[in-house]
Amino acid sequence: MATFLRTVESFVQGARTMPQRYYVGDEVFTLEQDRIFARSWLCVGRSAELAEPGAYKLQAIGADNVIILREKGGSLRAFHNVCRHRGTRLCEAARGTLRETIQCPYHAWTYALDGRLIGAPHMQEVAGFDKKEYSLVGVALEEWEGFIFINMASSPEPFDEVYAPLLGRFTRFNLAGLAVGRSIEYTVRSNWKLVLQNYNECLHCPTIHPQLSRVLPYTSGANDLTAGPFLGGFMEIAPPHASATMSGRSCGLPIGALPQEDQRRAYYYSLFPSMMLSIHPDYVVYYMVWPQSPSETKIISEWMFHPETMAQPDFDPSDAVEFWDVTNTQDWHICELSHAGIASRAYVPGPYSPRESVPAAWDREYLARMSDGMAPRA
Amino acid sequence: MATFLRTVESFVQGARTMPQRYYVGDEVFTLEQDRIFARSWLCVGRSAELAEPGAYKLQAIGADNVIILREKGGSLRAFHNVCRHRGTRLCEAARGTLRETIQCPYHAWTYALDGRLIGAPHMQEVAGFDKKEYSLVGVALEEWEGFIFINMASSPEPFDEVYAPLLGRFTRFNLAGLAVGRSIEYTVRSNWKLVLQNYNECLHCPTIHPQLSRVLPYTSGANDLTAGPFLGGFMEIAPPHASATMSGRSCGLPIGALPQEDQRRAYYYSLFPSMMLSIHPDYVVYYMVWPQSPSETKIISEWMFHPETMAQPDFDPSDAVEFWDVTNTQDWHICELSHAGIASRAYVPGPYSPRESVPAAWDREYLARMSDGMAPRA
Amino acid sequence: MATFLRTVESFVQGARTMPQRYYVGDEVFTLEQDRIFARSWLCVGRSAELAEPGAYKLQAIGADNVIILREKGGSLRAFHNVCRHRGTRLCEAARGTLRETIQCPYHAWTYALDGRLIGAPHMQEVAGFDKKEYSLVGVALEEWEGFIFINMASSPEPFDEVYAPLLGRFTRFNLAGLAVGRSIEYTVRSNWKLVLQNYNECLHCPTIHPQLSRVLPYTSGANDLTAGPFLGGFMEIAPPHASATMSGRSCGLPIGALPQEDQRRAYYYSLFPSMMLSIHPDYVVYYMVWPQSPSETKIISEWMFHPETMAQPDFDPSDAVEFWDVTNTQDWHICELSHAGIASRAYVPGPYSPRESVPAAWDREYLARMSDGMAPRA
Chain A
1 MATFLRTVES FVQGARTMPQ RYYVGDEVFT LEQDRIFARS WLCVGRSAEL AEPGAYKLQA
61 IGADNVIILR EKGGSLRAFH NVCRHRGTRL CEAARGTLRE TIQCPYHAWT YALDGRLIGA
121 PHMQEVAGFD KKEYSLVGVA LEEWEGFIFI NMASSPEPFD EVYAPLLGRF TRFNLAGLAV
181 GRSIEYTVRS NWKLVLQNYN ECLHCPTIHP QLSRVLPYTS GANDLTAGPF LGGFMEIAPP
241 HASATMSGRS CGLPIGALPQ EDQRRAYYYS LFPSMMLSIH PDYVVYYMVW PQSPSETKII
301 SEWMFHPETM AQPDFDPSDA VEFWDVTNTQ DWHICELSHA GIASRAYVPG PYSPRESVPA
361 AWDREYLARM SDGMAPRA
Chain B
1 MATFLRTVES FVQGARTMPQ RYYVGDEVFT LEQDRIFARS WLCVGRSAEL AEPGAYKLQA
61 IGADNVIILR EKGGSLRAFH NVCRHRGTRL CEAARGTLRE TIQCPYHAWT YALDGRLIGA
121 PHMQEVAGFD KKEYSLVGVA LEEWEGFIFI NMASSPEPFD EVYAPLLGRF TRFNLAGLAV
181 GRSIEYTVRS NWKLVLQNYN ECLHCPTIHP QLSRVLPYTS GANDLTAGPF LGGFMEIAPP
241 HASATMSGRS CGLPIGALPQ EDQRRAYYYS LFPSMMLSIH PDYVVYYMVW PQSPSETKII
301 SEWMFHPETM AQPDFDPSDA VEFWDVTNTQ DWHICELSHA GIASRAYVPG PYSPRESVPA
361 AWDREYLARM SDGMAPRA
Chain C
1 MATFLRTVES FVQGARTMPQ RYYVGDEVFT LEQDRIFARS WLCVGRSAEL AEPGAYKLQA
61 IGADNVIILR EKGGSLRAFH NVCRHRGTRL CEAARGTLRE TIQCPYHAWT YALDGRLIGA
121 PHMQEVAGFD KKEYSLVGVA LEEWEGFIFI NMASSPEPFD EVYAPLLGRF TRFNLAGLAV
181 GRSIEYTVRS NWKLVLQNYN ECLHCPTIHP QLSRVLPYTS GANDLTAGPF LGGFMEIAPP
241 HASATMSGRS CGLPIGALPQ EDQRRAYYYS LFPSMMLSIH PDYVVYYMVW PQSPSETKII
301 SEWMFHPETM AQPDFDPSDA VEFWDVTNTQ DWHICELSHA GIASRAYVPG PYSPRESVPA
361 AWDREYLARM SDGMAPRA
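Heads up: the protein sequence lines correspond to chains A, B and C, in order.
All residue numbers for the first sequence refer to my numbering, where the first residue is 1 and numbers rise by one.
All residue numbers for the second sequence refer to my numbering, where the first residue is 1 and numbers rise by one.
All residue numbers for the third sequence refer to my numbering, where the first residue is 1 and numbers rise by one.
Derived by calculation from the structure, the hints in this document are not laboratory data.
Wrong hints could be hidden among the right ones.
If several chains are the same, the list does not tell them apart, and a pair holds so long as it fits within one copy or across any two.
What the hints assert, rightly or not - Computed cross-link-like contacts, SDA-like style, restricted to lysine to any residue with a CA-CA straight-line distance of at most 20 Å:
#: 1; residue 1: Lys298; residue 2: Arg95
#: 2; residue 1: Lys298; residue 2: Thr329
#: 3; residue 1: Lys72; residue 2: Thr110
#: 4; residue 1: Lys72; residue 2: Ala112
#: 5; residue 1: Lys298; residue 2: Ala38
#: 6; residue 1: Lys57; residue 2: Gly14
#: 7; residue 1: Lys131; residue 2: Pro121
#: 8; residue 1: Lys132; residue 2: Pro349
#: 9; residue 1: Lys72; residue 2: Gln33
#: 10; residue 1: Lys132; residue 2: Val348
#: 11; residue 1: Lys72; residue 2: Gln103
#: 12; residue 1: Lys57; residue 2: Gln330
#: 13; residue 1: Lys57; residue 2: Ser301
#: 14; residue 1: Lys131; residue 2: Pro349
#: 15; residue 1: Lys132; residue 2: Arg16
Take the sequences, apply the hints, and build the full model.
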């Protein structure tokens with residue numbers, strides 16, 4: 001009951017869903033790319049993916065493409081995958097290993113792994129040409145809890161300021177120490193915002209997720225982040241279930257030294273704009289949501305476990321994977337039905353209930369970012 | 001000869017085809033959806049398709065989607081397939097049977113079959129929320145001669161006023177009593193208007209339809225509706241043919257108690273904007289034309305027969321179906337060639353002949369609707 | 001060294017690649033169709049393809065489609081493939097033979113092979129209708145060195161004025177007398193201009209074309225056309241190679257009575273906007289570049305040989321074909337990588353080196369044409 005009151009308190013009476021133009025058509029989509037995806041900290045995977053010096057991966061963000069690599073010195077760097085000569089993509093394979101340099105496959109302009117231009121055939125014949133002016137365009141990069149975040153803004157908001165509400169908040173879950181046991185990529189014919197709104201409420205759970213609802217009753221738990229870029233809370237795992245798995249049993253060692261109450265909770269948080277993070281006692285799932293067009297979204301989800309769980313000879317992530325794969329598929333499908341309906345001339349913004357206070361808060365954050373492209377100030 | 005004079009009389013000297021912009025590009029297409037398809041009475045099939053209470057079908061109209069259902073009381077109703085909560089499509093299967101209610105698959109908002117919202121979980125917690133304000137958005141519906149027509153306008157022109165020229169006109173053909181024996185769906189890479197213009201003249205018949213021309217000489221008959229939203233007339237079935245079939249033989253019982261002259265006529269009418277109706281002594285074909293994009297059109301055609309014809313053990317509609325399927329395919333192909341040519345920078349409006357007075361009249365009706373979206377007044 | 005100096009002399013210091021908007025989006029693409037492709041002389045193939053009277057081929061140019069035919073009298077003519085009645089495409093097959101006339105497949109309007117309308121059923125019933133006003137829309141056509149060029153402008157710049165720098169320039173190569181031994185069509189996911197720029201420099205050759213670079217060292221030779229619509233020069237065939245073939249051997253008779261120096265040269269010229277011409281001692285390859293969209297280009301390439309070479313019983317063009325097919329494929333791939341990179345928000349115009357003076361000159365010609373659509377005056 002206390003929980004319920006907290007939710008109601010955070011609810012803005014009269015909150016409504018957003019107008020059709022935010023979901024349909026290229027105008028808002030282009031503006032989102034500029035004001036949100038080009039200026040926000042975006043999760044692009046796990047630091048452990050790029051373990052060895054020279055290891056790199058590519059990340060597409062709309063029409064942009066970013067190289068994320070580990071330098072010889074061990075630190076991670078990110079650069080736009082664009083040669084400063086004639087704009088050619090430098091790296092083509094989705095992931096791989098770079099030797100000492102990045103060399104453009106077109107005219108062999110050559111960059112050090114810190115982005116400095118160190119070779120440019122025949123450019124010395126151009127009066128005033130200075131290699132220093134043609135370093136790769138850098139992309140800001142930070143690590144947090146084992147996740148890599150990048151930001152394409154020229155002067156990004158400092159990560160530690162933006163992420164202040166989360167710093168230290170998840171220490172007990174040992175996120176940095178977990179290992180990925182399984183990845184699944186989904187394509188959804190829906191606007192990306194419908195995916196975020198869907199994640200941010202469980203009012204739909206009894207209708208769509210009968211199995212999940214038995215394990216995680218939607219009226220249990222509470223939201224503890226109810227405004228701003230980070231939103232979410234927890235639900236309680238209903239006995240006799242020990243975790244959110246197909247069997248109801250735990251699928252591995254506890255991910256950390258958890259206090260009693262966390263051993264029976266499933267936490268869910270959305271990290272603006274496009275990361276979703278679900279924490280269970282024995283495993284974590286996180287999602288990276290990538291808009292492809294106003295009506296298509298790509299979602300990468302990864303299941304993480306304690307390394308000792310994964311080291312066990314009979315390790316099988318499927319009990320956890322299948323639980324959320326079934327649930328995800330149900331969610332993506334309803335997002336597609338929402339998208340189709342919102343495109344109709346009959347659609348008008350409808351009323352949110354108190355049980356949808358978090359999607360309503362997410363919309364407020366989104367609209368504030370869209371209005372000036374900066375995080376709203378307190 | 002009298003026939004020919006009648007056609008010439010109705011011909012506006014100097015009439016020309018429409019400019020390229022009406023066939024190419026999104027601007028006119030969007031305007032057509034708003035000014036024509038969102039405001040006109042559109043045929044969406046046969047009343048008999050939805051025989052049982054609770055039976056429904058969906059109809060896509062551009063980005064819109066309409067539920068057409070039979071209420072428990074027996075009357076037909078139509079609603080936008082859009083939940084008033086968050087816009088989700090309520091029904092997904094193209095046709096089916098509803099029990100007592102329509103329930104949204106997302107958060108279980110529940111509507112009676114007359115559109116009233118009767119359940120909305122947790123919305124009672126929202127101050128001032130009143131279910132009465134959240135009925136499904138209704139779509140006007142009328143029946144005529146066994147056909148269902150819908151109109152998405154908020155204040156549609158009364159059907160009986162618009163259809164006054166046709167009311168009672170086809171009584172002798174027993175249209176309401178006929179049954180559908182076969183349906184075929186076609187996709188044509190052409191603007192939808194080229195399909196209507198093509199239907200409205202037979203000057204092309206000797207060139208394109210050699211077989212049809214032997215049965216239905218294009219200089220026979222006369223047009224009896226030569227202006228306004230309803231256009232067309234008849235051609236005479238040339239002896240020794242008894243009907244417009246592959247064999248030349250009648251393919252069933254007369255559709256009604258026809259006067260002598262109608263036993264040897266094929267009538268063809270276009271009903272603005274997108275219905276085409278071809279009446280033969282022994283069967284009827286009608287078409288529903290659905291624009292998908294400026295350059296793609298979906299056409300549903302259905303062949304109807306006297307129920308007693310269909311009840312015969314050896315009933316085989318193929319003699320009639322094949323005759324028009326061959327002819328349709330020839331027509332759609334020439335529409336595609338026209339569409340391709342009209343997209344050229346060399347295209348300019350060309351002159352209609354008196355034998356194309358009906359397409360010219362169709363264009364006038366179309367342009368009048370596009371200019372203000374309302375039917376032109378006399 | 002003299003060569004190198006010549007290249008440097010023609011280089012404009014500070015030249016940079018063009019801004020992103022020229023490569024991405026529909027606006028510039030549409031303008032290019034109007035200002036360049038609708039007003040320039042475009043190579044559409046070889047005169048010998050249409051040897052017999054009545055022979056025709058179709059050429060798509062954006063949304064336009066042109067019929068190129070040989071009249072009974074033996075001369076070549078070109079017309080828009082658009083009926084003056086209702087705009088229908090007259091010819092549908094990509095190539096074929098016309099008898100005495102071109103008849104529209106829709107309503108049988110009939111044109112002589114010189115474009116005059118000679119039949120139009122029922123149009124005599126239209127007051128004032130005069131067949132003379134409804135000839136096919138003509139397209140200017142010229143022949144040069146066995147190539148057919150067309151120009152869709154209503155008052156095209158005279159071919160002989162535009163092509164003055166090339167008239168007589170290639171006489172020794174006997175181009176008009178060569179025969180096509182092989183054609184290959186490529187589709188490239190790149191803007192068409194990147195294909196032209198790529199062709200116009202060999203700075204990329206050591207990086208991309210290791211095999212070609214052994215035969216044709218990029219620092220050899222010189223450019224002899226360095227400004228205006230025609231650009232290019234030659235490279236020297238490095239001993240022991242006798243030609244640019246897989247084997248390094250000559251693949252046939254000399255194409256003409258070549259002076260000593262031309263027996264060891266490979267010439268390459270781009271003819272604005274979309275023709276590329278590569279001349280070797282023993283064969284010629286030419287390319288026609290057809291933009292399909294901002295990001296897709298179709299390229300037709302044809303290999304030509306001395307007719308006596310082709311008449312030899314063991315004639316096999318593959319030694320020459322494979323050499324350039326491999327090279328082309330390498331080029332198209334790097335054009336695709338350039339296109340992808342240029343679409344990024346990180347792309348800004350980059351510096352050309354003196355070794356890229358020809359692409360820089362091509363860009364200047366392009367920009368001049370785009371600014372007013374006419375060839376720049378001296």
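Are any of the numbered hints broken by this structure? If so, which, sorted upward?
6, 9 and 12
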